[in-house]
Structures are given as structure tokens and as C-alpha cells.
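2 protein chains.
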Amino acid sequence: MSAVPPVATMPLPPELDRELAALLGDGWLTDPGERLGYAYDNSRRHSLPDAVALPVDRTQVVALVRACRAHRVPLVARGRGTNTTGAAVPVGGGVVVSFERMDRIIDIRPGDRCAVVEPGVLNGDLQAALAPHGLFWPPDPTSAMFSTVGGNLACNAGGPHAVKYGASRDNVLALVAVTGAGELVECGTATTKGSTGYDLQRLLVGSEGTLALIVEATLRLTPAPATRRAVRAIYRDVASAAAAVARLMAQPVTPSMLEFMDADAVRLARDVAGADLPAEAGALLMIEADGDAGQLPRDIEALMAAAGGDGLVSLDDADDEASRARLWAARKALSPSLRTLAPGKINEDVVVPVSRIPQLVGGVQALSREFALPIICFGHAGNGNLHVNLMYDPADAGQNERAHAAMARVFALALSLGGTLSGEHGIGLAKRDFMPQAITAPTLALMRELKRVFDPDGILNPGKLLPPLQDAEGGVAPSPGGTAPRTAP
Amino acid sequence: MSAVPPVATMPLPPELDRELAALLGDGWLTDPGERLGYAYDNSRRHSLPDAVALPVDRTQVVALVRACRAHRVPLVARGRGTNTTGAAVPVGGGVVVSFERMDRIIDIRPGDRCAVVEPGVLNGDLQAALAPHGLFWPPDPTSAMFSTVGGNLACNAGGPHAVKYGASRDNVLALVAVTGAGELVECGTATTKGSTGYDLQRLLVGSEGTLALIVEATLRLTPAPATRRAVRAIYRDVASAAAAVARLMAQPVTPSMLEFMDADAVRLARDVAGADLPAEAGALLMIEADGDAGQLPRDIEALMAAAGGDGLVSLDDADDEASRARLWAARKALSPSLRTLAPGKINEDVVVPVSRIPQLVGGVQALSREFALPIICFGHAGNGNLHVNLMYDPADAGQNERAHAAMARVFALALSLGGTLSGEHGIGLAKRDFMPQAITAPTLALMRELKRVFDPDGILNPGKLLPPLQDAEGGVAPSPGGTAPRTAP
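Just so you know, the sequences run in chain order D and E.
In terms of the numbering used here, the first sequence has 422 at position 422, counting the first letter as 1, and numbering is strictly consecutive.
In terms of the numbering used here, the second sequence has 1190 at position 190, counting the first letter as 1, and numbering is strictly consecutive.
Worth flagging that the hints you see were computed from the coordinates, not collected in a lab.
Just so you know, even glycine gets a beta-carbon here, dropped at the ideal spot from N, CA and C.
Worth double-checking, as some hints may not be accurate.
As the list claims (entries may be wrong) - Derived DEER-like restraints, expressed as beta-carbon distance ranges:
hint	chain 1	residue 1	chain 2	residue 2	range
1	D	ALA366	E	ARG1247	29 to 37 angstroms
2	E	GLY1362	D	GLY308	51 to 59 angstroms
3	D	ASP396	E	ALA1441	53 to 61 angstroms
4	D	GLN437	E	ALA1441	38 to 46 angstroms
5	D	ALA21	E	ALA1441	28 to 36 angstroms
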């Protein structure tokens, strides 16, 4: 992983401080104790912001961006800081914009299958409000109960349901956002079809607060299935499980979840967490279908037929919620038991075409041996989106170095298999310096130019997503969309 | 509709002509007779290009764009010219780039549910190649048998299946394209999830050849359903049918088609085309479900339950292909019978939130009376995407004027209902001048800036999608992304 670049934070210009205090009132935090809670995200990186803004409406956001732009002070958008890439950490100082006071559900329109929300609403609170209407918003990251819709959109968050229902980008109709130039833009319409100009709303999804600050989102909703049912398939080895994934995805019944655990993950769940798994289990799939109670048995039958085949050890169908919970126990036991292997974990969510899962898992196992560190793979097999968990002791300099070298090789492996760096976590700081391997130079240059259009002075989340620009001599030049030079107060 | 702006075409610079003749060989057409076939599209607009290029690979496309850029000669991408908005008509002269020689299906990967194609492949030819694999590509415009995948992507084409399977933008994973700067860019990956930088591939979809020329597409495929079954629901009036549409879209079984016909459409199909429809029919829905043969009866049952309710006159279920064809006959008879009303037709595909269909149809009926011209509405009700067919005699100056005035009011009506100008046809020339009503000024300014990033000299399809830039005095200034000034040879 790239170290956080050293940035000399300087205090905010006093006139900006006064202006924003007047604008935001008690929504302008400058006390170090208050700022501390906005210094980190789930990547465990830390960097204290110079101030925290808690706007209550779009008018305040526009004024805030314009004021900061005038002083070239960085703005880092923040939901609840659950992201894993450092994208929400204000490494260049400046102002963190937390949307915690913009958390209203503005409208739920069941007949149009859409909801209009402010960015700070928690995903879980939205789902609770939608449930009485028989609708849900598909993105379901593990953090759903305590992550915001705005943050989900910023990272293009997914989750296990994405295999059937898509990730955040697939479930947004329209956005209102404030660009780095302080312009309020309205992208998309509240309709499920649209061919009116350039698709700006899907461009903003996954842009990690580097192009604009989302102040309102119109989300595409899906009717909630009445029932769900899980199947656990255990295989002799990863190759058999991966072949089953390809069969499952090539037949017409798309599973609502298709989760994978490799041999090490199975062993951990069994030996450490006590899950009921046979000794010969070399890989595991959790397969779930959802839908109408009358149809579900047929769907499960089709999925079980596709799951069968060479290398299958056992196939268990949970026909009630208790059995379903028992089958899922192995998967849920996994994350806590990882910590028994080592105190530190790097969890990256590379993605490959489904057919390449065996090569990815095999290659990762080889890297685990080469670097003498445990690497456990599990995740969203139906999308080829595996979470590669490298376990190490960060206090051990040798392990620390090997861990980061191994992870660089994992990225190179995923790219060589026709995959990419991230399926649902995003780039942030963690994968930023690998972007030139994933994206061709002309394409990356185009992304930089797009950044410049939305954010001419580079004040929005500087240093994230795009790597620092290398000049012709190989040195690092200030990126047009990179860290903003700060004017002295 | 806007008239085609008068542009003084000047001959191609002789050195460019020589350079491109050497590059393209018999793929460089300059004979007026040969150029004639590339002068029009299905909007019936005409404008003769100065030359036609038929590249065979991406290397030729890069060289072609760079050469034309050096001389600031416009390039207009063309599939098979089936689009209805003038987007493929070279109104500023220049070079039409037809992708008819880049029509290969490069790869079909069933396990990864994707296919890699060149832009010139016909949608229908692709579907035929996919069928043996049990897969299909969802976009199904009426023109599918003779329109290209590249053209479908350029317009974000949809069709009746979009209600369940999405339009073109929802069914693309990755694109390789050549920008107006002559740079080859690679956007997206062949995976169904991705959060690696900015989403350029969905930005290119629907951009009508104004940002880049697509030279390769990786398409997301869907397993083909084994069976399908249709229901015809006849209602007393449009309000009852529209209420049924909202009920149908709010329950869990998403229909694979949900097509609407208003009272005039029903009357035409019955009285002119002899379709078997009752006299009291004031609106009609064609509802179709697809899937496994075992599940289909339950799906149809759910859809029929939702279709029932106040105002239902009759509900007919086709349980075999012959009955299905008979039910669809009314819908298919409609388009030819429109011509009995008037020789000219303006067909625009506005879209509104599903719940606003009654207001749209009611408002259109009022405009039909006000302007004394027949306007018939039918189309993809599940997406709120109605085709508004205004019938008139183009040779009658009064009708001609009233027709265009009425259509301007139809656009204003759709926008006032929270909808937008186009669901699947795009903007082209036909709706270009309505863009400032649909898109706010700061958002439109952002679109212009994006255009400039991809196409710095404004050579790609100038004059399309974005309206000419108005200067501060209200005059028309040359747009940075508009018609390219031509240097004298």
C-alpha cells in the first residue's frame, strides 16, 4: 500500500474560517477534539482535518465549495467513514464535509419504483423505510446498517445481492451534485430509461468525491422478494467450485447471492469457529435464491442442478430460516476467526471474469507460499469479486514489507486475468498507485482531464483515486486534479 | 423540429483526400453516387458527406481521426442509419465513418456471460450467434435485424424488453474507443462489477458519436428465457390502464414487456387494421412474461392479478405461440395503419415516471385537439417511455407549422411531469434545441466541457446532441464542441 504522502497542513485562512462559521453556525467544527472523529476511515489511516463542515442543505454546500475554492482549501466528502481505501481521510488537511445533517428521506414513490434521499441517510434506515412499501434498494455492503447512501454511491458499493440486482451504479436514476467549481448540477431523471445527453449520474457514482459532492439522489428501487432460500455446496477443490460458479451463472435462474470460500477459509471456519464442515471440504459455495414462495422450490431445484457435478462433496438445502442461519454460520464465523492468524489484515476486493476464478485463487495460493503469509479468499463469486485477505503482523518489518509486496502481485495477477483492482471498495489511497497498471496511459489522461472539468482547482478529495502525475523526467509534478496548492492565509 | 442548419460544405483538402485514400484503399469513397447512400438516416434528413470511410480496424480509425483532426474536418459515425433523430446525417459535410467492415463477433464467453464485438455487427446477427449458447443481448429496438450494436450503443437503444432487462447502457461492460483527439482509450473491464476510476464506458453510451468512435464493445449477456407468454388487457380508459401499469411495476414479477396503446391507437388497430378489439376499449396493455416453463404460469397469474382492477374490460391469456401472435396482431397492425391518417409522421419517444402516464396521455390528447392534428400514443409503458406519433401533411404549410409547435408542447409537457426528452432514440438534431429546457444551464455547460475534453476541436458529429452555444448577447457563437470551423484546403 502507498504510504500517506506527507503534506504540510497549514491553518485555515482566518477569513475563510470566519466566513464558514457565519455560514454554518454550529455546523462548523474547528476544535481539535471535535475534528478527531473525522480524521480516519476503516482503512485505519489517520489525518486530522483543519475543520469539519456539517451542512444542512444544498445552498450551504454550494457556498461552502465556493468559499473553499476561493482559498484553494481541499474538501473531503464523508458519509460515516466505513470505506476501506482511505478515500475519506483528509490527507491534505482542509475541510471534511460530513453529510450527517443531510439525512432526510425526501420522497418514496412506490408506483415509480424510486426514492429521493439526501446523501447522509443510512442505507439501513432507508431499507427500513422502504420495507412497508414492499421495496428495497439493492446495494447491501456489510456496513449497510451504519454506512450512508451517499458513501455507497461515492464508492459504487455492492455486496452479495449485486450478482442479481447490481451495485450502486446500477441502482441510481438521478443525482443533484455540487462540482468543485461550486456549480449545482442536475444529472439524470427519475425515469428508468433516458437518452437525453451525456450520462453524468453514473459518472459521479464511484468517483469517490473527487468530481462533485452529491446533495440528493433519486434511487432505483426493486420489489422485495417474498421469500429466500439458501443452499450450501461443498466441493473437493477450488477448481470444482469455480466450474460450478460458471454453470450457475450460465443458466437462467440468477442466484440472489453466490458466495465463495476457499480451502483456507473453510478450514478456519471449521477448526477455529467450529462450523459443521467435512474434513474433505476444499471449497464452499453459499447459493441463495429469492422470489415468490411458489416459484422458489423450482429456482432452488435449478440452482442445485447447476451446482452439482464433478468434485461436489455435499449439497445442503435450508428450507427454513433456522437451517438457513445454520448454513450461513460458517460464512459469518469467518471474518472474526481470521484474526487468530495474525493481528493485521489487508482486505482487497479484486474482480476477475467468473471463468478466471480458479486461476485467481490458485495464483493467490502460490503467492501465499512465496511470501510465507496466509492469504484467505472468499467473496462474491457470481461477480468474480473476491475479497483477498492477507494476514500479517504490521509490527514485524519483514512481514509488513512482504505483505505489501504480495498484495502488489495480487493486483498484477487480477489484471493479467482480465480483471481489475476493485469491484466495490474503490481506489482511494490504497490502490491509487496501481492505477497506471490497470488503466492505459491515454485513458488515465482522459480521466485527469475529466477531473479538471468538474474540479478546475483540484480541491475535491485531492490525492485520491488518480495517481500523482509523473512528469516527462520521471519526477512527480503537481497534478491538475491532484493535491491543491494552498495559498498562504 | 429544428431545420438542418445551412452549412457551406467545401471540398476536402486534397492532401487529406490523398492521405486517406492511401490509408483506406477501397474503403475510401468519394464518388457522389457512392456517397449518396450515406447522406441520410431514418429521420429523412439528407446531407451529402464529402467522403465516406470504411475502416477495417482500430488502427485505421486512429489514423483517420488524427488526419481529419489535423484538417479540422468533421467525422460522423454511422451504423446502418436506422436512427430517427438525424444523429447520423453529416449536416456539416465532412467524412462519414461507416463501420460496415468492422462487423466481427470477436469472442463469445458463455461462462462470463459476455461477448466481444466490433461496432458494425448487426444486433440480429449477434442474437443469432448467441442463441446456441442460450444467451441473448437484451436491447431489442424495432430495427434490431438491420441496426448495428455500435449504433445501438451510440443512441442507448432500448426496446420493449428494457422494462425487465435494461437498455444498451445497462448491458455494456467495456468499450474501446477513439476520441476526437485520436487517442485510443479502453474503458471498463469484462467483469460485472467494477470500481476502478471513472465510469467512461457508460458515459460513451448514448453520446451519439460526439465524444468518441467505438471500435470494440464487451457486452453483458443474459441467459435466454426458455418460454414466454402474453396477456392482453383491455381497459375502459387510459387512467385505468395507467393505474394497472403502476400496480404491475410495484409487484415482484417484472414483466418482460409491458406495452401500451391509447384509445386512438386501439381504434386504428380495430377500424383500419381489423384487429379483434371490443368497441368499448379505451386503452390496451400487452403484458408478457418470460422464464422457465414451470414458473411461467405463476408469473402470468401474478401479472394478471395486478392487471385486474377498476376499469378492466377484458383480460386474455395466450397459452400458445399462435394465440400470442393473434394478441400481438393489434399492436403490429398499428404502425402501418397510422399512415391512413396522414402522409407525415413525427414520432418522438418522451419518457415520464410511470405514475405520470395518465397526465402525459391526457395532455397529449388536449394538444391534439388544440392543434387539430391526430396524435397517437403507444409504447413501453413499464418504463414510462411512450412513442408520441403526430400525424400531419408535411406539404401543407399550416399543418407543418402546427405539427412542430405541438411537438414542442409535448416535450414541455413531458418535462413538466418530471420526465425527459428521449427514452431510447436520443437527441441528434431533432431534439437538440430543446436541450436547454431539459437540462439546467450549469449541467449543459458541464456537458459542453466534457465534449471539449474528448473532442478538443469539435470534429466528432458536430451540431448534434448539444445545442449551439448562445453568447451573452443572445446571438449564436461557435460552440467549442459544436460545428468545427473548416480550414480552407
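A quick look at each hint next to the structure:
1. ALA366/D to ARG1247/E: 29 to 37 angstroms: Taking Cβ atoms as reference, ALA366/D and ARG1247/E lie about 55 angstroms apart, which means the hint is violated.
2. GLY1362/E to GLY308/D: 51 to 59 angstroms: Given a distance of about 55 angstroms, which is inside 51 to 59 angstroms, the answer is holds.
3. ASP396/D to ALA1441/E: 53 to 61 angstroms: holds, 58 angstroms
4. GLN437/D to ALA1441/E: 38 to 46 angstroms: Because 40 angstroms falls inside the window, the suggested range holds.
5. ALA21/D to ALA1441/E: 28 to 36 angstroms: Check passed, 31 angstroms falls within 28 to 36 angstroms.
Of the hints listed earlier, the one the structure fails to meet is number 1.
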